[in-house]
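Participant: Each chain sits in its own coordinate frame; assemble them with the hints.
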Amino acid sequence: MAASAAVTANYVLKPPPYPLDALEPHMSKQTLEFHWGKHHRAYVDNLKKQVLGSELEGKPLEHIIQNSYNNGDLLPPFNNAAQAWNHEFFWESMKPGGGGKPSGELLALLERDFTSYEKFYDEFNAAAATQFGAGWAWLAYADNKLKVVKTPNAVNPLVLGSFPLLTIDVWEHAYYLDFQNRRPDYIKTFMNNLVSWEAVSSRLEAAKAASA
Amino acid sequence: MAIRSVASRRTLAGLKETSSRLLGSRSIQTFTLPDLPYDYSALEPAISGEIMQIHHQKHHQAYVTNYNNALEQLDQAVNKGDASAVVKLQSAIKFNGGGHVNHSIFWKNLAPVKEGGGEPPKGSLGGAIDTHFGSLEGLVKKMSAEGAAVQGSGWVWLGLDKELKKLVVDTTANQDPLVTKGGSLVPLVGIDVWEHAYYLQYKNVRPDYLKNVWKVINWKYASEVYEKECK
Chain A
24 MAASAAVTAN YVLKPPPYPL DALEPHMSKQ TLEFHWGKHH RAYVDNLKKQ
74 VLGSELEGKP LEHIIQNSYN NGDLLPPFNN AAQAWNHEFF WESMKPGGGG
124 KPSGELLALL ERDFTSYEKF YDEFNAAAAT QFGAGWAWLA YADNKLKVVK
174 TPNAVNPLVL GSFPLLTIDV WEHAYYLDFQ NRRPDYIKTF MNNLVSWEAV
224 SSRLEAAKAA SA
Chain B
1178 MAIRSVASRR TLAGLKETSS RLLGSRSIQT FTLPDLPYDY SALEPAISGE
1228 IMQIHHQKHH QAYVTNYNNA LEQLDQAVNK GDASAVVKLQ SAIKFNGGGH
1278 VNHSIFWKNL APVKEGGGEP PKGSLGGAID THFGSLEGLV KKMSAEGAAV
1328 QGSGWVWLGL DKELKKLVVD TTANQDPLVT KGGSLVPLVG IDVWEHAYYL
1378 QYKNVRPDYL KNVWKVINWK YASEVYEKEC K
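These protein sequence lines map, in sequence, to chains A and B. One gets this note's numbering by counting positions in the first sequence from 1 and adding 23 to each. One gets this note's numbering by counting positions in the second sequence from 1 and adding 1177 to each.
Read the hints as simulated data drawn from the structure, not as lab findings. Mixed in with the good hints there might be a few duds.
[To be verified] BS3-like, lysine-lysine: derived pairs with alpha carbons at most 27 angstroms apart:
no.: 1; chain 1: B; residue 1: Lys1318; chain 2: A; residue 2: Lys61
no.: 2; chain 1: B; residue 1: Lys1318; chain 2: B; residue 2: Lys1339
no.: 3; chain 1: B; residue 1: Lys1319; chain 2: A; residue 2: Lys61
[What the hints assert, rightly or not] Reference listing, derived: stretches of chain A covered by chain B, where coverage requires no fewer than 3 residues with Cβ under 8 angstroms from a Cβ of chain B:
no.: 4; region: 53-67
no.: 5; region: 148-160
no.: 6; region: 173-185
no.: 7; region: 200-208
[Stated by the list, open to error] Away from chain B, derived, C-beta distances all over 10 angstroms, residues of chain A:
no.: 8; residue: Glu80
no.: 9; residue: Asp96
no.: 10; residue: Ser126
no.: 11; residue: Ala131
no.: 12; residue: Asp145
no.: 13; residue: Asn167
no.: 14; residue: Glu221
no.: 15; residue: Ser225
no.: 16; residue: Ala229
no.: 17; residue: Ser234
no.: 18; residue: Ala235
Quick reminder that beta carbons are idealized off the backbone N, C-alpha and C, glycines included.
Only chain B is shown next, with the shape it has when bound in the complex (with noise of 0.2 angstroms):
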């Protein structure tokens, strides 16, 4: 399969993540798929060119479009009063929904080297991670270790957990987002490790995959985040 144009960065005519949609006398909020921040093959090579094209102008623009389709339909459901159908519902706007919000996460997770990609994160999130997992390459084991013992398709996730005020490493099967494991749970970095996330350039070996994406792991946003739940 050929793509035509790696190099050109995804733009939408317009960068709103959500608009509006007019159902009746009532609009709700759908969604629109995010901008990439940086050009598809800029993150070569540690992921390619190809496979963030697909993964961007695919994948996460089926989830959002199939997310949109789910609210639309959820909206005529509870405004007629069809409990079934709402419930009804649920799977299709968890499996989409949430694919939208963790895409939406991982795109903001990874940059490109020349823009800080893989440079360990400094500050407080630099001495939290020592803190709970002794150094940043103890935390990448950890991740990466869980990340390959996924069964199916899933995500490895660094979050915090508010409440307990600590850091924690997990997994979410599908598209679940990191709020299903825990209300108190914020995602700090996510790594996709469904097979469209890597297949094209790793194959099978999806270790390989999570050995190479730590080089274009965005830290800087992840401390952003961190910092700002910690006040």
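The following block holds chain A by itself, in its conformation from the complex (with noise of 0.2 angstroms):
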């Protein structure tokens, strides 16, 4: 039927803006294949299959991420809907030789919220590392304040009240075939080569125009 073709063009698995292959070494053309080619495609497939012929059909991804967060006491469309957002995302926050410190007034920031970038980075990595189970560590921005968070599963800074800026993946599928048990060296990696310090900036104008 073209009506609902139409209303799950909303829901797409967006390719991330670089090849597979273009993050090696320090995320495999393997776990790319199987992270976004696998897992986001089925968060995006199954959200589509879910909210078909309900009242959520054709809503934007993040209502139905605000509807069914529900304040806390999930609904069943939350994890699909907010995992295929926090996916794409996730690849925008990388980029092939990425990581390190930023500058301009992104650093100027960090600074000022945080102290020094190296109190921002130990921050951003215990978070990472101490989200017990599976989860996301971001950096967020509310209140004219940037700040790091840590969450649960599917959750993110949406629901919570802040923008989110950047994201790491700590579920065990975003690391196990490169780094198997080492979330540590996982995280680290992703902190001095993959970061994508542009889409933090852009993100960032986004939020303080949008907070304005």
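Facilitator: Next comes the structure, spelled out in structure tokens:
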């Protein structure tokens, strides 16, 4: 039916903004093939099936996320909807040749809110390392301040009232093929070699504009 | 990543599961990684030797190490009367202690085929399964479905409710032991559905792992526990 085809086009498996092997050797092509090609794809496909014929059908993804978060008493579509969003956000948080220290306004803000880039690094690292079980660590923006947040399973800062700027996926599927149990090595590699500070900067600009 | 020796059994200098650590003038009981009763590769092809080695030597060992650290910190906080510190430690204790408890059960829940792995339960447990679930097949189907549906990390369990005297299937999140779902619940069979339990072999296809793990489930152990608890 043409109507449902148009509606389900809202929920799209967008490819990462780089080829699947572009993050090597820091994140393998094999990982991207499974993580994007299987896990992320399944969240999108399952979400489409789940909302088909329901009142959520055709609603923007962020609406579904907020609605099904239901103040923490999660409704069935939350997992798929939030994970679809989180993964697209994750791919765009990375770039080939990324990582290291940012510069300009972003560095100034990190220094303002964390004292130094190194303190931010440590705090982000600790959040990612100590999220028990599956989840995510984030740099987020709220009330004109940057902060580090960690969340379980599919939860993200959108439902916690802040603007996500950067994320690292710490579900085991995100790092197991490349690092097995060594999550700290994965986090370090992400920070040193993968973070796209350009993406973070443009998200920060959007967040500031939205808060104005 | 190369695993140098998959075939050898993990042995430790001491097979005691607990030891004492002297802190001040008292000692607290700490824990050590239990030995596996079979070689790492003995559960193949259901579970690869590579997974078994990492799961045991890295993941379970980390729970033991971190549990011991949390217990030491708890002991100090209790002695100082630092209530905030005691409460703050609860999540690390639940997570790491739970991880140790759950994995210790899990290794006993598994057995090589040549040692009875996969053989259906006989005796009273077999009968109870038929009564509560219709058949072993019915139980397996239910546990596999619930295990596949766990979002994030967790476990699927067959338990005995000692009070109600019936078998139950339930799931727990993260490393929560079964007893967190009910004080009278005794775990008989637990299946780890954390991604680390299957990812290197089954990747994202958790249902395939759940289909195959039954081939190495040690129903003899589950029956022993059941019979003991039913007395």
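Participant: Since Asp96 (chain A) was said not to touch the interface, does its Cβ keep a gap of more than 10 angstroms from each Cβ of chain B?
Facilitator: Holds, since 14 angstroms exceeds 10 angstroms.
Participant: Does Ala131 (chain A) really sit off the interface, with its C-beta more than 10 angstroms from all C-beta atoms of chain B?
Facilitator: holds, 33 angstroms
Participant: Given the hinted pair Lys1319 (chain B) and Lys61 (chain A), is their alpha-carbon gap at most 27 angstroms?
Facilitator: holds, 25 angstroms
Participant: So is the region 200-208 of chain A in contact with chain B by the C-beta rule, three or more residues under 8 angstroms, or is the coverage claim wrong?
Facilitator: holds (count 3)
Participant: Using a Cβ cutoff of 8 angstroms, are there at least 3 residues of the region 173-185 of chain A near chain B, or does the coverage claim fail?
Facilitator: holds (count 3)
Participant: So Ser234 (chain A) supposedly isn't at the interface. Is its beta-carbon more than 10 angstroms from every beta-carbon in chain B?
Facilitator: holds, 31 angstroms
Participant: If we take the beta carbon of Asp145 (chain A), is the closest beta carbon in chain B still more than 10 angstroms away?
Facilitator: With a cut-off of 10 angstroms, Asp145 (chain A) remains clear of chain B, as the shortest Cβ separation is near 19 angstroms.
Participant: Would you assess whether Ser225 (chain A), listed as outside the interface, keeps its beta-carbon beyond 10 angstroms of every beta-carbon in chain B?
Facilitator: holds, 30 angstroms
Participant: Does the claim that Glu80 (chain A) lies outside the interface with chain B hold up, using a Cβ gap greater than 10 angstroms?
Facilitator: Glu80 (chain A) clear of chain B: closest Cβ-Cβ about 22 angstroms, beyond 10 angstroms.
Participant: Given as covered by chain B, does the region 148-160 of chain A meet the bar of three residues or more with CB within less than 8 angstroms?
Facilitator: holds (count 4)
Participant: Report holds if the minimum CB distance from Ala229 (chain A) to chain B is greater than 10 angstroms, and violated otherwise.
Facilitator: Given a closest Cβ separation of 29 angstroms, the condition holds.
Participant: Mind taking a look at whether chain B covers the region 53-67 of chain A? Criterion is 3 or more residues with CB to CB distance under 8 angstroms.
Facilitator: holds (count 4)
Every hint, counting from the list given before, is met by this structure.
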